[in-house]
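Undergrad: Modelling step: build the complete structure from the supplied sequences, incorporating the hints.
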Amino acid sequence: MIITAPVTDYIPASLLTTQGDMVSRRDGQPAREQPYGYGNVKQSRGAGVNLGNTLLVGVLDTYLKGQGGASPAIFEALSLRDTGIHIGNDTRTTSGNQVITGVGFQSSAIIMLGIDVVLTLANLSIGFSDGTVNMRISLNYEGLRCGIAYSNCIEILSTGSNYIRGVINTIGADGFTITWSQLGSTETNYIYICLP
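Per this note's numbering, residue 1 is the first one in the sequence shown, and the count goes up by one each step.
Keep in mind the hints are simulated off the structure, nothing from the lab.
Treat the hints with caution; some may be incorrect.
Unchecked claim - For each label pair, taking beta carbons as the anchor points, the in silico distance ranges come out as:
no.: 1; residue 1: VAL133; residue 2: ASP90; range: 17 to 25 angstroms
no.: 2; residue 1: ILE126; residue 2: THR94; range: 18 to 26 angstroms
no.: 3; residue 1: ILE85; residue 2: TYR150; range: 21 to 29 angstroms
no.: 4; residue 1: ALA122; residue 2: ALA173; range: 17 to 25 angstroms
no.: 5; residue 1: GLY84; residue 2: VAL118; range: 33 to 41 angstroms
Ideal Cβ placement from N, Cα and C applies to all residues, glycine included.
TA: In structure tokens form, the structure reads like this:
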């Protein structure tokens, strides 16, 4: 996480209880938020404030980061740009393992977008993987059929006997490995997006 500005505010202990409080920072001031109808505790922000709104603001604005020990928790901005994403592309023409490196971090999830290398054929695939779970949806048979699978993250399927499929089964510190299976001569151009 890159901190681009000094953190100048802390959460006063008087705002916290042992009831699993949600603390948010709006208008620059930390405040304990309560959902509507939560016991007899007054909301900290008046009408219109509820836990759902607080969670949304917390996700879009800042999050609470514990510092450990006796150090007070602080707020930090969360951004994928700060944590890093990686976008790349490649082509696959055969079965076997393909090692992708240069990502720069260990991905928690990878999004795969693929098309048939024969651009006049309407075969495409959108898939996801966390290195264990692989899923995808696809448009196959040159645009005539839709498909879904829970066993691979990319598939280009021209006919039942002409396809290429990929499974991400390893995610490492700087990349990932795709295991490809091919039947016939179908090939794919694909784009991948690695998330931290």
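Undergrad: Each of the hints needs a verdict: does it hold here or not?
TA: Hints, one by one, checked against the model:
no.: 1; hint: VAL133 to ASP90: 17 to 25 angstroms; verdict: holds (22 angstroms)
no.: 2; hint: ILE126 to THR94: 18 to 26 angstroms; verdict: holds (22 angstroms)
no.: 3; hint: ILE85 to TYR150: 21 to 29 angstroms; verdict: holds (25 angstroms)
no.: 4; hint: ALA122 to ALA173: 17 to 25 angstroms; verdict: violated (37 angstroms)
no.: 5; hint: GLY84 to VAL118: 33 to 41 angstroms; verdict: holds (34 angstroms)
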